[in-house]
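S.K.: Residues per chain, in single letters:
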Amino acid sequence: MDSPKISLKGVRKAFGPKKVLDGIDIDLAAGQSLVVIGGSGSGKSVLLKCILGLLRPDGGSIRIDGEETARLSGNERARVMKKFGMLFQGGALFDSLRVWQNVAFGPIQADGMAPDAAKEVALAKLAAVGLPAEVGELYPSELSGGMQKRVALARAIAREPEIIFFDEPTTGLDPIMADVINDLIVKCVRGLGATAISITHDMGSARKIGDRITMIYDGKLIWQGATADVDSSGNAYVDQFIHGKAEGPIKMQVRRL
Amino acid sequence: MSLAPVALLGRMTLAFLALVGSVTAFAAQAIAQGCRPPYYRQQIVRQMLEIGYYSLPVVGLTAIFTGMVLALQSYTGFARFSAESAIPQVVVVSLTRELGPVLAGLMVAGRVGAAMAAEIGTMRVTEQIDALTTLSTDPFRYLVMPRLLAAMVTLPILVLVADLIGVLGGYLVAVYKLEFNDLTYLKNTLDYLEVEDVLSGVVKAAVFGFLIALMGCYQGYHSRGGAQGVGAATTAAVVSASVLILTFNYFLTEAFFAR
Ligand SMILES: Nc1ncnc2c1ncn2[C@@H]1O[C@H](COP(=O)(O)OP(=O)(O)OP(=O)(O)O)[C@@H](O)[C@H]1O
Ligand SMILES: [Mg+2]
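So the protein sequences, as listed, match chains A and B. Going by my numbering, the first sequence opens with residue 39, and the numbers climb by one from there. Going by my numbering, the second sequence opens with residue 127, and the numbers climb by one from there.
Bear in mind the hints are in silico, worked out from the structure with no lab data behind them. As the structure is a computational prediction, the values presented were derived from the model and not from experiment. Do not rely on the hints blindly, as some may be mistaken.
Claimed, not checked - Incomplete in silico selection of chain B near chain A, CB under 8 Å:
hint, residue
1, 254
2, 261
3, 262
4, 373
5, 380
C-beta atoms are modelled at their ideal positions from N, C-alpha and C, and glycine is treated no differently.
From just these sequences and the hints, can you work out the full model?
M.R.: Structure follows, in structure tokens:
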């Protein structure tokens, strides 16, 4: 059997005394799409940043295409980074650059594409997320929150990377646009054969874009399975999450008014 | 007797040494990464404009008033023992050796160091620096090196301009207010000026430029926590750059002239 595209073993990460990730294991085959669900603040974004090397895990092993990457740095890290595209939760658009320059940034800097060709690519990607060419000339601060999210998505897929991470791709979008984005993500994964990890709170979106779903709770993945099985997981935590009930084993740290 | 003050002193010393170590490591990484391609020419040009060209007004204003006040002050002092003729030399030597580089450095630290810390700090807290990394662009090469380079190149030029404008300020006060002969004033200015005076100022300026950009980038790069963190980084960048400028100024002067 081929080695999995992404393989995590016992990944741990703590901030001070707070254990955010406490032994995470994931095996994801090439071309598969995994959706990570879990409560707010449960460490989903931290998990993606550890895999990308933006945060250094305290322990465990992270393999990309069989290559151990948890301890890489410098040029080695940059080489591995070329395989990735990432949609940040907050967009993280470069506010000093125009929208099209943001989207063309990867093709120009990482692949050495000529600016004219990269602009064509950028405008095509912007069109794919429903943004007309005029928007390309604006600056990110001139866009609405949802538009910024879509530009960030266009930037993440502009290089057609082998591995794409989406951190809450549809939050802040209207339901129709959210569905368009879901379709786009499915197309990226099926069409380009990319391997994807997506974070979402939206179960409709999770069902649509995920081959598999996993739930993170208390630093561990408490359930993993095929998307079709999520309704019959038999796991009380998962059931509570997907039905969005306040009553259940997951206690929110809030005091009653 | 309580040992608390000693413990505090010890903690502060350790924190200071840790900071020096971390700034040095940052500088080393910036130089090591920045000397390898790709070079971002557009960024370098943009920073040169930002640091050099747009600082001209504030540096020019500082210089002209400094030159003017130098002439006036040395006149009131020197007239007491009839040494007025030394004024042109006093003005030009103090400007080129000390006041030009130090005052230009401090003004640029306030203007540019703060802006660098704020810009890079905002990029840090909004994850734009992380985004750069995921787009295969080294933030040291793309953000830090262009600023270091641009500051080291443009600050000496700014200081040369400041020297000229400062001498002009001294000249205006001497000729139009203190009634010096204009040609004699210029001749005395040039006769006693040595290459070493100007050169030492220019070398100082390059060092100060490096320090300003280094502190701006370092503080911005390590800022955390949102608007408050960026604000703190900005203050820290200006204060640390100013203190470093004054400290290095002394040791550079000693290296140049004490023998
Ligand atoms: N740089 C950091 N320094 C300290 N603590 C951090 C840092 N980044 C994240 N944390 C902590 O790690 C925990 C998990 O954060 P993370 O951003 O991964 O949550 P999340 O699951 O993505 O939540 P959300 O759904 O709200 O985005 C949080 O409690 C947060 O306080
Ligand atoms: Mg998150």
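S.K.: Hint by hint, note whether the structure agrees.
M.R.: Evaluated hints:
Below 8 Å, beta-carbon pairs count as interface contacts, and residue 254(B) has one with chain A at about 5 Å; its hint therefore holds. The beta carbon of residue 261(B) is positioned within 8 Å of a beta carbon in chain A (closest approach about 5 Å), and the interface hint is therefore held. About 4 Å separates the beta-carbon of residue 262(B) from the nearest beta-carbon of chain A, less than 8 Å, and the hint is met. Given the 8 Å rule on beta carbons, the hint for residue 373(B) is violated: about 32 Å separates it from the nearest Cβ of chain A.
Interface restraint check for residue 380(B): the shortest CB-CB distance to chain A comes to about 38 Å, outside 8 Å, so the restraint is violated.
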